[in-house]
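Participant: Here are the chains, one letter per residue:
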Amino acid sequence: MSYGFTRPQQLYTKYETPQPTTCCHPVEGHNSQLTTENNSTPSMKPHNPHPTTHNEVILKAENISKQYRLGTVGTGTLSHDLNRWWHKVRGKEDPYLKIGDTNDRSTKGTSDYVWALQDIHFEVQRGEVLGIIGKNGAGKSTLLKILSKVTAPTIGSIKSRGRIASLLEVGTGFNPELTGRENIFLNGAILGMTKKEIASKLDEIIAFSGCERYIDTPTKRYSSGMTVRLAFAVAAFLEPEILVVDEVLAVGDAEFQKKAIGKMQDISKGEGRTVLFVSHNMAAVKSLCTRGIVLEHGKVVFEGDIENAIQNYLEDQNSTAHRNWKNEDQSRPKADFIELLEVRVLNKEGAIAINHSIFDEVKIEFQYNILKEGEFFTHGFNLFNAENIHILSSHDKNSLTLKESLPLGIHKKTITILGNLLAEGSYKCSFAIMRYGPFHVEFHEMDVVGFNIIDEFGDKTVRGSYSGHYPGLIRPELEWKN
Amino acid sequence: MNEIPQEEWLFEIKPKSSVFTLQLDEVWRYRDLLFLFVKRNVVTLYKQTILGPLWYLIQPLFTTLTFTLIFNKVAGISTGSVPPFLFNMAGVITWNYFTACLTDTSDTFKANASLFGKVYFPRLIMPLATVITNLIKLGIQCLLFLGFYLYFYWQGMSNTFSIYTLFFPFLVLIMGVLGLALGMIISSMVTKYRDLTFLVGFGVQLLMYLSAVMYPIALIEEKMPQLAYWVQYNPLAYIIETARFLLLQEGTVSPLGLLYTVAVTLILFLFGLVLFNRTERSFIDTV
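Taken in order, these protein sequences are the chains called C and A. The first sequence begins at 685 in the numbering used here and counts up one residue at a time. The second sequence begins at 290 in the numbering used here and counts up one residue at a time.
No wet-lab data here; the hints were simulated from the structure. Some hints here could point you the wrong way.
To be verified - Lysine to any residue pairs mimicking SDA-like chemistry, simulated, CA-CA at most 20 Å apart:
{"#": "1", "chain 1": "C", "residue 1": "833", "chain 2": "A", "residue 2": "563"}
{"#": "2", "chain 1": "C", "residue 1": "833", "chain 2": "A", "residue 2": "562"}
{"#": "3", "chain 1": "A", "residue 1": "303", "chain 2": "C", "residue 2": "880"}
{"#": "4", "chain 1": "C", "residue 1": "772", "chain 2": "A", "residue 2": "570"}
{"#": "5", "chain 1": "C", "residue 1": "1097", "chain 2": "C", "residue 2": "1016"}
{"#": "6", "chain 1": "A", "residue 1": "336", "chain 2": "A", "residue 2": "422"}
{"#": "7", "chain 1": "C", "residue 1": "819", "chain 2": "C", "residue 2": "951"}
{"#": "8", "chain 1": "A", "residue 1": "303", "chain 2": "C", "residue 2": "741"}
{"#": "9", "chain 1": "C", "residue 1": "880", "chain 2": "A", "residue 2": "329"}
{"#": "10", "chain 1": "A", "residue 1": "303", "chain 2": "C", "residue 2": "819"}
{"#": "11", "chain 1": "C", "residue 1": "885", "chain 2": "C", "residue 2": "904"}
{"#": "12", "chain 1": "C", "residue 1": "879", "chain 2": "A", "residue 2": "342"}
{"#": "13", "chain 1": "A", "residue 1": "303", "chain 2": "A", "residue 2": "570"}
{"#": "14", "chain 1": "A", "residue 1": "481", "chain 2": "C", "residue 2": "764"}
{"#": "15", "chain 1": "A", "residue 1": "481", "chain 2": "C", "residue 2": "766"}
{"#": "16", "chain 1": "A", "residue 1": "481", "chain 2": "A", "residue 2": "336"}
{"#": "17", "chain 1": "C", "residue 1": "1047", "chain 2": "C", "residue 2": "1100"}
{"#": "18", "chain 1": "A", "residue 1": "328", "chain 2": "C", "residue 2": "859"}
{"#": "19", "chain 1": "C", "residue 1": "879", "chain 2": "A", "residue 2": "320"}
{"#": "20", "chain 1": "A", "residue 1": "481", "chain 2": "C", "residue 2": "767"}
{"#": "21", "chain 1": "C", "residue 1": "904", "chain 2": "A", "residue 2": "328"}
{"#": "22", "chain 1": "C", "residue 1": "772", "chain 2": "A", "residue 2": "422"}
Quick caveat, the model's predicted, so the values are computed rather than measured.
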């Protein structure tokens, strides 16, 4: 796709989480905070690149919450069921809806009941591609399950103007005994197509899958890659009004993934289909989606422009501007003659900082301890962006340590990343100690520190006063000449 | 729900649907899937077997043979003017249809959890496909029955088909619906309480002895009048007995008993449908 300079920058609304009290009531009569729905997010509208987009809400989630009971289903289930039933008979509310912890996997809660999703509100416009992002356990899959009617919400409702087809997995219902052709029909029908629809697209599906030769062979004889290709091909030709897609693009080889992403782009861009897309692949999300919501612990923490949603999601990752191993001698990255003690990300004033203006230089200081004299080595540094793309690598190729032995004790090495070099976003650094001649990596520690580059306007920046989407992995200041 | 006019939304996903939304129109929309499932069931069942669909015939054949040897030759149960072999085969085939419908549908949710957990289609499609698949099996077994029937007729059996035989499909329908109804009820409850799985296994076997499969109802009324109500209250006994009457003109037809059977079937079916529809909404959380 082409990144036209069209998308609005910095236009997003920090999502206000509704009051927690709303979660304890049945959905009926609970729309007080939703009355201004049709223009609640005006900021997303002004530049929608989709030609088919009308200002029409095709899907609307209101107050969606889902409660799960922890532990095993068994003892106590019957008694809780009976208690629930007894409350219902007397016309009272379900007693177990009032309790429940927020879904945080790492902390031990007090209740047996947990809210996997809590008060989820969002709207989707016709023709929009909405990305749903969040860490593992944030509630993405639960939300998709509710959207695709696999399970019902505990409270809340989803209203839709179009038929929803879901693609939570490729090859659902594939039977290994059936031939490829038979499986196309079966799988297509499971996904909601009629026999006639499938028959009319059969040739295209087979061609897309690239399995012509094996199409009348049982799929149990297929390689796993072939099965996946065939399964994705069926799904790619689904034509619902709303398509719900889970992490299904992460299948097949690189070539097929490219094809799959391309097909997804056709579906969303060319055909103007409404798509709800979940993925951990930020590059895919970025290239497919127009808007995003970020889930955290079962709640929507951000809703808005996809770039900002990704930013919001990534900033929350556990990156730190300061790592110190001085008190943890066990976990220090080390080789037999050297160990890493501390890494700091410094701003131009020399203070530890995680956020840096796009035009400011970023210094990263490594502090290590020499354990044995007489070793010759050098330092290496790698930089990755939030999508885990390897942005650059730098070897300290003229280091004195290659020729002279360092005395025992603590030493420092600092690398400077120039201002106006990196694009905005989050970055992670790795650090390595290597030997030359023969080349050998003594240790390579990933994710030692991280920092964020914050975009700004103005003469000092490459962007200048342009406010639109500014693409590119890096943003160096280059010279324009006549 | 005041702020949005009702007619604008195509549908709504809610925590609970009202009890009687059976969504049969949706089942109709997915009819292609129904037949593809039936096809899958039939095609894949005997893949990579040497005898293939012949297994459909071998099983009732040997059951019938065993019954004939034990109950008629050893125990000496009288089957009237009908050859015992044919008597038993009529019972076995119809009984098999019912049990197959019941046991195959009774683990619908559990067996298909991975499929149901990934994609939505009316869950009712699954048990319906099972019932139809078994119907095909029954059809093939009926051909076997017809073969033996002609053989015994040629050997001088006095009983013949009559106009009543045409009602046999109606009986099959009742049986299918009854099996489906019980299967739906059990499969819905199994999602939470797995105890029922064990019950179905031996329950079906015990039920056979109460369902007049290998003896006429009249016999139990004669030999054990004090326990005969076990059989008399069993709707299945009437079905089997009537099936034999329709096919062989042997035994009795109790219109009241049949009416009772139809009533029980319908009540169970409605109950099963409601329970099934309630379960399908969120069984994936408990299964």
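Participant: Now tell me, hint by hint, if it's right for this structure.
Facilitator: A quick look at each hint next to the structure:
no., hint, in the structure
1, C/833 x A/563, "18 Å, holds"
2, C/833 x A/562, "18 Å, holds"
3, A/303 x C/880, "31 Å, violated"
4, C/772 x A/570, "19 Å, holds"
5, C/1097 x C/1016, "17 Å, holds"
6, A/336 x A/422, "15 Å, holds"
7, C/819 x C/951, "26 Å, violated"
8, A/303 x C/741, "18 Å, holds"
9, C/880 x A/329, "18 Å, holds"
10, A/303 x C/819, "26 Å, violated"
11, C/885 x C/904, "23 Å, violated"
12, C/879 x A/342, "26 Å, violated"
13, A/303 x A/570, "9 Å, holds"
14, A/481 x C/764, "12 Å, holds"
15, A/481 x C/766, "13 Å, holds"
16, A/481 x A/336, "33 Å, violated"
17, C/1047 x C/1100, "4 Å, holds"
18, A/328 x C/859, "12 Å, holds"
19, C/879 x A/320, "9 Å, holds"
20, A/481 x C/767, "16 Å, holds"
21, C/904 x A/328, "18 Å, holds"
22, C/772 x A/422, "40 Å, violated"
Checked against the numbered hints above, the structure violates hints 3, 7, 10, 11, 12, 16 and 22; every other hint is satisfied.
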